[in-house]
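Top to bottom, those sequences are chains A and B.
Be aware that the first sequence starts at 1, since it is given in my numbering, and climbs by one per residue.
Be aware that the second sequence starts at 1001, since it is given in my numbering, and climbs by one per residue.
By construction, these hints were calculated from the structure, which means they are not laboratory data.
Please note: incorrect hints may appear among the correct ones.
[Unchecked claim] FRET-style restraints, in silico, Cβ to Cβ:
#1 B:T1056 with A:P158: 38 to 48 Å
#2 A:A173 with B:P1202: 40 to 50 Å
#3 B:N1104 with A:G120: 21 to 31 Å
#4 A:G120 with B:S1059: 53 to 63 Å
[Claimed, not checked] Here are the simulated lysine-lysine pairs, DSS-like style, with alpha carbons at most 27 Å apart:
#5 A:K195 with B:K1065
#6 A:K195 with B:K1235
#7 A:K41 with A:K3
#8 A:K195 with B:K1057
#9 B:K1220 with A:K195
#10 A:K201 with B:K1079
Keep in mind it's a predicted model, so treat the numbers as computed, not measured.
The beta carbon of each residue, even a glycine, is placed where N, CA and C say it ideally should be.
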Amino acid sequence: MNKIVLEQDEYKFQDEKKEIWITTPKINIDICNEVYLKITKIPANLTLNLQLEANSRLQIDMELDFDNNQNTFNFISGENSYLEFNLATVFHNENSLVINNQVNVNNSITNIHFRGIEDGGKIKVLAVGKIYPETKDNKYLEDIRVMTKDNSLVTIMPDLLVESNLVEANHNAVISPVNQDYMFYLRSKGLTYDKALELIKKGFLNSILKK
Amino acid sequence: MLKIDNLTVKVLDKTILENFNLEINDGEIHVLMGPNGAGKSTISKVIMRDLNYEITKGSITYNDKDLLKMNTTEVAREKISLISQSPMEIEGVTNAEMLRTVLNDLNEMPANVLEFNRNLVKICQKLNIPESFIHRDINYNMSGGEKKKNELMHLFVLQPKLVILDEIDSGLDIDALNLVANSLKEYYEENHPSMLIITHQPKLLEILKPDYVHVLKNGKIVQSGDYNLALEIFKNGFGASIMSRNDLHE
Ligand SMILES: Nc1ncnc2c1ncn2[C@@H]1O[C@H](COP(=O)(O)OP(=O)(O)OP(=O)(O)O)[C@@H](O)[C@H]1O
Ligand SMILES: [Mg+2]
């Protein structure tokens, strides 16, 4: 996969598979047909606006550390569009993440997966899904999980504004410490505490990536 | 040798095992039977130092080392392996990744990675599971029977000297059960491990031919015998066998 650096305000992707680095704090991207983006670098204060055209398919995989990040992702669905957004992060210091979805079309699918691992940091996640009235046959999923040592450092605010009856909308949010049953299992195979923890964290992030 | 002496175990203030005794000499195959909820799985997890179980009395030693002073990692590194009744699913961590990490840590990883892979392929063939299992997430989305075979894959790589099998036969179809039992028999003949087998079914024992059979009831071993005791239980259930024991006492 070839890598490109995005440093301007506007881009259009069509039938592409790219690794991207974003260096500008505000960027608008238009998606046509089938696009896969693996985002490996973003500025700490990024606002990314993504417009999915009708019949487009977009998968975004992001695995990166947050350190004092304030990021906003705005997605606008297109008719018959498919969006899969997978964001896996280890976070340090104070972070906020806003994921905004607007569904004002029919027959679209949106899957938002977020996995965060606290590493001495805080995060506030606001996930907004607005499904407009008089739309139909949309599917919408927000699946947000954070693994933490101290639950007070994490806030998840789901905000599903569903104004249509003809939609399948789901929201899961889980904030939990490391699963001790997993630790017991892996240690019973001979792994040290640290190696078991490392594998569990890696698995937690991997579970939404490399699909 | 594993020696469990007068062990009393509690969970959430409820006593599950009381003055439990068991000795397994090197190379012996012991079977633990008993009604649902008797505490069979509990003993298997206590040996692996699952800290959900509180030990209020007694001792467990393995080759004269105090297991109760060890953590789970240390117990595993004494070459003790448990295949539990419901194996954990760990999404995102593959079998190969986990096994490689363990062997690396133990300095048992073959210098040649190909050799590690070849061994895994051989084990998959023996267990009649696809080679793709090597790179699948641990037990994740596997059927009940596949999980048991997947756990056996770990066991054959880790080569334990004390094998604890908690209902390995549940969830296996008849052919799979034969295959699993025969692969365990082969492992036994090659490595002479000690074994503690928990089961409700005759098939595995027909093939593995245990040396001792124990019946656990109300937190204690209430009866011990040889393979014939298992046969009697398969025929008549626990009620009858324990009654005949009481008759003996009177
Ligand atoms: N972690 C736990 N928390 C609470 N109760 C427990 C826990 N583990 C075991 N128990 C209880 O202890 C008792 C013994 O359980 P155990 O799983 O050892 O039974 P078992 O003999 O293996 O039964 P089965 O044949 O059904 O597998 C049961 O009453 C069970 O509910
Ligand atoms: Mg049990």
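Do the hints match the structure? See the list:
no., hint, verdict
1, B:T1056 with A:P158: 38 to 48 Å, "holds, 45 Å"
2, A:A173 with B:P1202: 40 to 50 Å, "holds, 48 Å"
3, B:N1104 with A:G120: 21 to 31 Å, "holds, 28 Å"
4, A:G120 with B:S1059: 53 to 63 Å, "violated, 40 Å"
5, A:K195 with B:K1065, "holds, 25 Å"
6, A:K195 with B:K1235, "violated, 47 Å"
7, A:K41 with A:K3, "holds, 11 Å"
8, A:K195 with B:K1057, "violated, 32 Å"
9, B:K1220 with A:K195, "violated, 37 Å"
10, A:K201 with B:K1079, "holds, 26 Å"
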